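Q: Chain by chain, the residues run as shown.
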Amino acid sequence: MRRFLVLFFSLFGIGCFGWAQAPVAPLEAGNTTSVTLGQSAARLYGPWKFTVGDSPLDPATHQPLWAEPGFDDSKWETVDLTPKEGAIDPTGGFSGYVPGWTAKGHPGYWGYAWYRIQVQVNAQPGEGLAVGGPADLDDGYELFANGTRLGSFGDFSSSRPTIYFSQPMMFPLPSAVVNESGTAAGGPATVVLAFRFWMHPSTLLQSAEPGGIHSAPLLGEAGTVAAGYQAQWLELIRAYAVSPVEAVVFLLLGLGAISLTFFDRSDRVYLWMGAVLLSGAVNSANSAIGAWTQTISGIASNEISDLLMIPLSYAGWVMVWWIWFGLRRPSWLPRAVAGMALLLAVSNFLGEDLFYTVVPHPVGVIFHGVSLVVRLAFLAIMLWIVAKGVHLKGLEGWLVLPAVVLFCIGRFAYELAALHIQIIWFPFGVQLTLGHFALLLLTVVLAFLLVRRLLTSLRAQRRMALDVKQAQEVQQVILPQTHTELPGFVIESEYRPAMEVGGDFFQIIPHPTDGSVLIVAGDVAGKGLKAGMLVALLVGAIRSTVHFSFDPKVVLDELNHRLLGRSDAQATCLALHITAGGEATLANAGHLPPYLNGKPLAMEGALPLGMVPGALFSSMSFNLAENDRLVLLSDGLAEARDADGELFGFERVEKLLQSQPSGSQLATAAERFGQQDDISVIVVTRTAAGG
Amino acid sequence: MQSETKARVDQITSSAGHPVSVVRFEGDIASTSKDAVLGTFQTLPRESANKVLLDFSKVDYINSSGIALVIQLLIEASNAGQKVCAFGLSPHFTKVFTMVGIPKYASLFPSQGEALAAL
Numbered sequence: 001m002r003r004f005l006v007l008f009f010s011l012f013g014i015g016c017f018g019w020a021q022a023p024v025a026p027l028e029a030g031n032t033t034s035v036t037l038g039q040s041a042a043r044l045y046g047p048w049k050f051t052v053g054d055s056p057l058d059p060a061t062h063q064p065l066w067a068e069p070g071f072d073d074s075k076w077e078t079v080d081l082t083p084k085e086g087a088i089d090p091t092g093g094f095s096g097y098v099p100g101w102t103a104k105g106h107p108g109y110w111g112y113a114w115y116r117i118q119v120q121v122n123a124q125p126g127e128g129l130a131v132g133g134p135a136d137l138d139d140g141y142e143l144f145a146n147g148t149r150l151g152s153f154g155d156f157s158s159s160r161p162t163i164y165f166s167q168p169m170m171f172p173l174p175s176a177v178v179n180e181s182g183t184a185a186g187g188p189a190t191v192v193l194a195f196r197f198w199m200h201p202s203t204l205l206q207s208a209e210p211g212g213i214h215s216a217p218l219l220g221e222a223g224t225v226a227a228g229y230q231a232q233w234l235e236l237i238r239a240y241a242v243s244p245v246e247a248v249v250f251l252l253l254g255l256g257a258i259s260l261t262f263f264d265r266s267d268r269v270y271l272w273m274g275a276v277l278l279s280g281a282v283n284s285a286n287s288a289i290g291a292w293t294q295t296i297s298g299i300a301s302n303e304i305s306d307l308l309m310i311p312l313s314y315a316g317w318v319m320v321w322w323i324w325f326g327l328r329r330p331s332w333l334p335r336a337v338a339g340m341a342l343l344l345a346v347s348n349f350l351g352e353d354l355f356y357t358v359v360p361h362p363v364g365v366i367f368h369g370v371s372l373v374v375r376l377a378f379l380a381i382m383l384w385i386v387a388k389g390v391h392l393k394g395l396e397g398w399l400v401l402p403a404v405v406l407f408c409i410g411r412f413a414y415e416l417a418a419l420h421i422q423i424i425w426f427p428f429g430v431q432l433t434l435g436h437f438a439l440l441l442l443t444v445v446l447a448f449l450l451v452r453r454l455l456t457s458l459r460a461q462r463r464m465a466l467d468v469k470q471a472q473e474v475q476q477v478i479l480p481q482t483h484t485e486l487p488g489f490v491i492e493s494e495y496r497p498a499m500e501v502g503g504d505f506f507q508i509i510p511h512p513t514d515g516s517v518l519i520v521a522g523d524v525a526g527k528g529l530k531a532g533m534l535v536a537l538l539v540g541a542i543r544s545t546v547h548f549s550f551d552p553k554v555v556l557d558e559l560n561h562r563l564l565g566r567s568d569a570q571a572t573c574l575a576l577h578i579t580a581g582g583e584a585t586l587a588n589a590g591h592l593p594p595y596l597n598g599k600p601l602a603m604e605g606a607l608p609l610g611m612v613p614g615a616l617f618s619s620m621s622f623n624l625a626e627n628d629r630l631v632l633l634s635d636g637l638a639e640a641r642d643a644d645g646e647l648f649g650f651e652r653v654e655k656l657l658q659s660q661p662s663g664s665q666l667a668t669a670a671e672r673f674g675q676q677d678d679i680s681v682i683v684v685t686r687t688a689a690g691g
Numbered sequence: 001m002q003s004e005t006k007a008r009v010d011q012i013t014s015s016a017g018h019p020v021s022v023v024r025f026e027g028d029i030a031s032t033s034k035d036a037v038l039g040t041f042q043t044l045p046r047e048s049a050n051k052v053l054l055d056f057s058k059v060d061y062i063n064s065s066g067i068a069l070v071i072q073l074l075i076e077a078s079n080a081g082q083k084v085c086a087f088g089l090s091p092h093f094t095k096v097f098t099m100v101g102i103p104k105y106a107s108l109f110p111s112q113g114e115a116l117a118a119l
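These protein sequence lines are chains L and G, in that order. Start counting the first sequence at 1; every next residue gets the next number (the working numbering). Start counting the second sequence at 1; every next residue gets the next number (the working numbering).
Hints in this document: simulated from the structure, not taken from any laboratory. Owing to the predicted nature of the structure, the values given are computational and were not obtained by experimental measurement. One or more of the hints may lead you astray.
As the list claims (entries may be wrong) - Below, in silico cross-link-like pairs of lysine-lysine (BS3-like), each with a Cα-Cα straight-line distance of 25 Å or less: (1) G:Lys51 with L:Lys553; (2) G:Lys6 with G:Lys51; (3) G:Lys104 with G:Lys34; (4) G:Lys95 with G:Lys34; (5) G:Lys34 with G:Lys51; (6) G:Lys95 with G:Lys6; (7) G:Lys58 with G:Lys83; (8) G:Lys6 with G:Lys58; (9) G:Lys104 with G:Lys51; (10) G:Lys58 with L:Lys530; (11) L:Lys599 with G:Lys95; (12) G:Lys95 with L:Lys655; (13) L:Lys469 with L:Lys553; (14) G:Lys83 with L:Lys553; (15) L:Lys599 with L:Lys553.
To be verified - Computed far set for chain G versus chain L, every beta-carbon distance over 12 Å: (16) Pro19; (17) Asp28; (18) Thr43; (19) Ala68; (20) Ser111.
Even for Gly, the Cβ is constructed at its ideal location relative to N, Cα and C.
Between the sequences and the hints, there should be enough to build the whole structure, so can you do that?
A: See below:
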């Protein structure tokens, strides 16, 4: 089986290797070829005898009868494996290419077939001989010399052999085999070489002229055959040199793209791009491993590529550009793409005959058509997305357009080859397909776009970080001092935001003339910069309101009014007014009621600010006697959570308050337990009345 | 640490034979739970939307933004004349719900049976 899909990048400089070639003269009698050998080897161009089908076994030896030297193959077809001048394999670029049996009277045939050739070998005594198997073939073979099995390319232990992509093979020719047929020691010996070939049905769809031998085998002195064998390996390595380079490039790009998520976690495109590039790396590695080793069979390699990686690649690239250009409509498109990828995998499975003729040929043809339609649909979707991208993002869209067009066209390799449109080139013997050029262009465009997007994102993040820092500084400015002493009161406060900017707020505002103090404490729903902005708004509103009233209810009404109509702007809040004589009036909008000497004040619940116009807030009055201690807390204290999800809870808060901790001690206890939200604590201690 | 909010709707019948929608929440309820909380509520079937139970028995945590969403839901229900009861809250969140005035819009019960009986 010859390799069809290999990707881009070239590795130059792998040299060619040559060997001496002896003249081959066909004999008149018995279709015998005479080879005169010095230290040389000869290509066995023919005449070969050929037939489709498989040999019956000799009941005595259990060896194929068609491998026997005495078998009469005169009624078989005669085949010449002499290549046309400069002929190369259209998919692998290997030299000395000849079309297979489907181009020589057996179109559509897959299965077993036999080649036989009879040669006279005039070897020197003690000279080791070897056969170089065809380096370009479909798909596997067993080799016999005078009825003795020399070996195989592929695993023929079952009736449906395991096959690999074409690779050179070398088989030593045992001297016993040669001598048995020799007329005398040192004289010419007649050797009948027989190849038992097997071709998988899926190979019919993968090249234009498949079937059996595509490059003539080599026979000669073992050292010279070995040199030819090495030269063929170099040719094979050079042909697919792009694949491992491509795998490494994709791997690095994929890891690079994924690592960008550490810089910008909000942008999913890096993960998608990384996943698509890593799957591309797997596909390229699959190509190289399939072409150069026998660790993975040709069918398995094709299954990985056609049933998994190619559908994933289509869907992945659609999603990359969908996210890249920020498209959201139609919202069903990602699901449709997933369905199309699945349909493509199923169509390839049924249309490529990878599992023999489990699917009738007409049905297979239909699914091959479905595969074509799905690929066209992917092409249309990608072009639509890129057109949208051009409309939305201008330059980026234009850069992506040619890469996407080439990528999509490259995916129609079979169809373009059938239309005799050249999509494969072999500069310096390296296979380069249209797909390689498409991916090369795509890689360059991607690298440029990724760097551009990352720089833009980093600039935005720097701006955002600066904004947050400035907001943090502003918040520090608007927070009261941690220790405030007023006539008759000592007020201590502690503030621990969960993020850089907090949503808790409090203000301590002494009355300018009557010795009273207004304390307003609250918690904006949410955290971060948005909550911090609302805090600034509320603090401004509190400062404005106290110019005309210190009444807690008025303050809450005013704050409620400020928040109404703003989307997602709610806050719990309490306002506490304490006169110089210790008379306290408290209004509450859903905030945790204060603790007086360790016990929570019993208050009716009330809606937070910003929920409904004209909300009725709960209120109460009480007196603070000398040494009374009033503690105002935000919910961040009781709702601290440990690693197991257990809440700090109200009971722990009450227990802690029994020891009359400072605000800092309270906050630290919750912080150590597992801070989730902003924590604010205000402790008001009534000192000697009036003084 | 915050887990995604899931919501599903069960249709049951009260002892009086009225259809009742039970919205069962799971996970944490926070600012990101808007679709799960308000979205689910807004898609309740019309025939069983007059009587609604909110099941919080599998909710681990509700932060201030989550509570604001629940209040929004209850205000919408109140404006639409729907009767809503909630059940399955932990003692901690029962206290928090009470603090923010939710019982004015929805009675709180320990179990589904008690909540259903009160509808």
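Q: Work down the list of hints and note, for each, if the structure agrees.
A: Status of each hint after checking the structure:
For the hint pairing Lys51 (chain G) with Lys553 (chain L), the CA-to-CA distance comes to about 35 Å; that exceeds 25 Å, so the pair is violated. Distance check on the hinted pair: Lys6 (chain G) and Lys51 (chain G) sit about 21 Å apart at the alpha-carbon level, within 25 Å; holds. A C-alpha spacing of about 22 Å is found between Lys104 (chain G) and Lys34 (chain G), which places the hinted pair at or below 25 Å, so the restraint holds. Note on Lys95 (chain G) and Lys34 (chain G): the hinted pairing holds, with a Cα-Cα distance of about 22 Å set against a maximum of 25 Å.
Among the hinted pairs, Lys34 (chain G) with Lys51 (chain G) is consistent with the structure: their alpha-carbon atoms are about 21 Å apart, no more than 25 Å. With a C-alpha separation of about 23 Å, the suggested pairing of Lys95 (chain G) with Lys6 (chain G) holds against the 25 Å cut-off. Taking the CA atoms of Lys58 (chain G) and Lys83 (chain G), the gap is near 22 Å; set against the 25 Å cutoff, the hint holds. Pair hint Lys6 (chain G) plus Lys58 (chain G) holds up; C-alpha atoms about 10 Å apart against a cutoff of 25 Å.
For the hint linking Lys104 (chain G) to Lys51 (chain G), the alpha-carbon distance of about 16 Å falls within 25 Å, and the restraint holds. At most 25 Å may separate the alpha-carbon atoms for a hinted pair to count; Lys58 (chain G) and Lys530 (chain L) exceed this at roughly 29 Å. Distance restraint check for Lys599 (chain L) and Lys95 (chain G): the Cα-Cα separation of roughly 15 Å lies within the 25 Å cut-off, and the hinted pair is therefore satisfied. Between the alpha carbons of Lys95 (chain G) and Lys655 (chain L) the distance comes to roughly 17 Å, so the proposed pair stays at or under 25 Å and holds.
For the given pair, Lys469 (chain L) sits about 34 Å from Lys553 (chain L) by alpha-carbon distance, which is inconsistent with the 25 Å threshold. Only pairs whose Cα atoms come within 25 Å are accepted, and Lys83 (chain G) paired with Lys553 (chain L) is rejected, the gap being roughly 30 Å. Between Lys599 (chain L) and Lys553 (chain L) the alpha-carbon distance is near 23 Å, which keeps this suggested pair within the 25 Å criterion. Every Cβ of chain L is farther than 12 Å from the Cβ of Pro19 (chain G); the closest lies at roughly 29 Å, confirming the non-interface assignment.
At roughly 9 Å from the closest C-beta of chain L, the C-beta of Asp28 (chain G) falls inside 12 Å, breaking its exclusion from the interface. With a closest Cβ-Cβ approach of about 16 Å to chain L, Thr43 (chain G) is found to remain outside the 12 Å limit, as its non-interface label requires. Distance to chain L contradicts Ala68 (chain G) as a non-interface residue, since its nearest Cβ pair spans about 4 Å, not more than 12 Å. Every CB of chain L lies more than 12 Å from the CB of Ser111 (chain G), the least distance being 21 Å, so the non-interface label holds.
In summary, the numbered hints that this structure violates are 1, 10, 13, 14, 17, 19.
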